[in-house]
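A.B. asks: Now for the letters of each chain:
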Amino acid sequence: MSNYIGNCSHVLDWNNFLSNLDQGITKFGDPWKWVNPLSDPNFPITPDMKSYVNSTVERLGHNFNYSSTLWHIYRPNEHFANEVVSALSTHLNITPTMANAYRVEPGCNCPIHIDPQDKTDNRWNKLKRYTWQINQSSIGQVLIIGNHALHMLTPCDMYEWDSVDELHAATNCGPDTAYYFLIEGYLND
Amino acid sequence: MINWNNIIANLSNGIDILPDPKNWNLNTKGYQEILDLWIKAEYNFASIKWTNYYPDTHYSKDVETYYANELNVKPLRSWISSIAPGYTAPWHWDVDDNEDDYVAQGELVRYSIFIQDGKPGQVFMIENQSYYSQPAGTIVKWNNYKSWHAGANAGLTPKYMFHLIGVVDT
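So the protein sequences, as listed, match chains A and B.
Its first residue numbered 1, the first sequence is counted upward by one per residue in the numbering used here.
Its first residue numbered 190, the second sequence is counted upward by one per residue in the numbering used here.
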């Protein structure tokens, strides 16, 4: 489940943000390819990654059509300025631990999964996670978080996840590419 | 009462709907238009597949009769649709070779019925409305039988729905 917490369209020039994104990092195929350091050197490696990927593969089973699996990730300092994260963190009053933008094109899926978690960090259960669609939505663009599907979103309407380890997915069976932003961090005192 | 689990378990091989124009009756208005939209959007055709099952061929027509009575509809067409994990049904409206015959019989109504509890990753959309985690038995009446709709399965198990088109039984 996720809860609406407000709109961040005024925090950044999001059209400018989108117009400056390039190809990004391509995620495709089965979960072993998602975490391949050759294609994504900055993928956050957490303890017991092998077990994590195995469990993700097992959850999806052997019949999943991985030819539909395709999404793109953009990271701060790599694909967009760190100032973006700073502005959003100030707006949310958080100390950020992770931020990414995503692109999901027509006919593509990010299959249901849980992101790798470092639960050995004793502050893990204090992490907050927020997500929103950046661009104008259209039919078929869906972000799934827990037992909730977000569809036809107002651009920059922000949703707080119930937990950072919720099952989630994205799918796009519509005509237009969807762009999302996700940021995670600790609430400031 | 319909035992959907039993019906789903006994479905024989259905008809796969694929984006292959060789299998589409392009003489019927609408098919080419939809195909052109998908091509223009550079849609990932590798994700397109859904499977339809029809009464009397793949399951008992009693199902159609049951819901027609429940919904006070004279049935014209019904089917079960399925999307397997990792596949999508892109946005489209349902083109039907026999639409003119149906329309001649009265005002068409359409219902979609969730025949299983919704599972993670399975989503269905009609225009601006999305349906997710719906409990089995949920019935949706469409505002317009020709509405744009779509479905996707980014989840773990096949997603099944039942659809009924008819005219109000007066």
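Source of the hints: derived by calculation from the structure; they are not laboratory data.
This structure is a prediction, so every number in the text was calculated from the model and none was measured.
Even glycine gets a Cβ: it sits at the ideal position worked out from N, Cα and C.
Any given hint might turn out to be false.
[What the hints assert, rightly or not] Here are some, though not all, of the chain A residues that point toward chain B, as calculated from beta-carbon distances under 10 Å:
#1 L21
#2 N135
#3 Q136
#4 H151
#5 P155
#6 C156
#7 D157
#8 H168
A.B. asks: Return the numbers of the hints above that this structure violates; sort them in rising order.
C.D. replies: 1, 2, 3, 5, 6, 7
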